[in-house]
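Sequence positions in the sequence shown follow mature numbering (1 follows the signal peptide of the UniProt record, and there is no 0) and run -19 to -1, 1 to 521.
The set of hints was computed from the structure by calculation and includes no laboratory data. Be aware that a few hints might be false.
[To be verified] When the alpha-carbon atoms are kept at most 27 Å apart in a straight line, the in silico DSSO-like pairs for lysine-lysine are as follows:
#	residue 1	residue 2
1	K96	K81
2	K209	K143
3	K106	K39
4	K209	K194
5	K106	K143
6	K482	K462
[Unchecked claim] Now the in silico label distances, taken between C-beta atoms and shown as ranges:
#	residue 1	residue 2	range
7	H119	R66	35 to 45 Å
8	W289	P168	15 to 25 Å
9	Q226	S497	26 to 36 Å
10	P266	P168	21 to 31 Å
Every residue, glycine too, gets a C-beta built ideally from N, C-alpha and C.
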Amino acid sequence: MGLKLGLVLFLCSLPVILSQENNDVTIIVKGSVTEAETDDNFVCATVDWWPPEKCNYKQCPWGKSSIFNLDLNHPYLVRAIEAFRPLRIRVGGSLQDQVKYGIGSLKFSCDPFTKMYGGLFGFSKGCLSIARWDALNHLFQKTGAIVTFGLNALYGRHQVQKGFWQGAWNSSNARDFIEYTISKGYPVDSWEFGNELSGRGVLARVDAEQYGKDLISLKAILDELYRKSRSKPLLVAPGGFFDNQQWYAKLLEVSGPSVLNAMSHHVYNLGPGNDPRIVSKITDPKYLSWFADTFRDVQLTIQRHGPWSSAWVGEAGGAYNSGSRLVSNTFLNSFWYLDQLGMASKYNTKVYCRQTLIGGNYGLLDTQTFIPNPDYYSALLWHRLMGKGVLSVDISGSLFLRAYAHCRKQKSGVTMLLINLSKSAAFSVTVRNDLNVDLAEGNGIQKDSSFIHGLKQTVSWIGKEASKDSHKREEYHLTAKDGNHLSRTMVLNGIPLQLNKNGEIPALNPLLVSVSSPITIAPLSIAFVVFPNFEARACA
């Protein structure tokens, strides 16, 4: 009943949408070859170490969401992770380089973090007990999560001047911890070495040459301890800001071939969480686009200095210092988040870890109630619909319409993500296939204005032997509840996305639409559009 009512309401709203400023846009999908490829489990979310005392801007938004005190048995948490089948979870964050592991040669008491004047980030060192590690793995195994664990890369080093640490890494505590993990059969997919110690660092930094040597040591430990295992974990590093290309290049050169599987970096391109311009930044296409230079630089650095490695975004929260309490947990944030996923994919980023699954203002789940925020559903739809093959697109029209295309997830066809950043303009979108353009023109895709004008027809898909009667596409239109773009509730095809009475993730059902009709994208809205019969040789 709810689905039918929502569909009726959505269809009734179409005349209003169409009455707004409308713009014709043509998108050509180049399905002949992929331009990049992600990992099958590209979408990732983090669980952080921050204790309740972590505060920014006179607010303390972390509550009981840390690795130490998160309610691992909360049914909403379990179901939220299970819905991804599977979700990659990165365990790590700013305090990971102060974490000891309560096992083996550790000669200290195993206590959590406490506030401490003069401590890194204002906290003491903390200790992860084996009992808590067992409990975390129970959650991971029950939900089928894929685990990336961030190791302490400062252990054994000493600070020689403010922020600069020297000395070789002491691997003893990490080795004991990894050995215990293997003995219990806990399937850690990847081990990440350090957090924000790269380049200029964040409060602490380590020289690239020493970091590279320590990666070689850690790789040798992993090879030794996993020598009898069927699967080998990946080694990921350094998990910092890409603020010094030479540092990253040297890291790859010093560590050498086949050591570093993934080079990870962090994204907080919206600035501090209290920045009053965050809303305008998110809706400014030029502002969003400038970060493409960073993705491109990371890609080129890997190609030139470490082609055996790949790019990961190990942590991305948009706004730093726990996110924005006014924006990060609202519908509007999905414009930044989904645009980041699309942009990162184009530059061969294999994994993109959202800060956080729960915790701070930017959690996919609310810190207090565990109820999904709008970005949770954005992440889930991407994970279910967007495959790993990334397709190039040509688009005519407004800069405010963003378009990304991938091979469909584990099925034939193509999925397109459309993001309308305009507050007033709706778009009528025509999608064409470069295969048909090639056949029609003989010389491939033309980009001059006369050709684009000729493509603006009232069809939304062209493929081999297309039929108005036999082809349907799936549309997932995302809007804000009551038209409030700062709403905490996302609406899918006219139906508010809310947990059902049993606390389960709601069904994410599409509209089935004839491919002979144009795609209408309302102002400040997002749409995933699935073309099951789209001819894309690269996706065959």
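- Hint check against the structure, violated hint numbers in rising order: 2, 7, 9, 10
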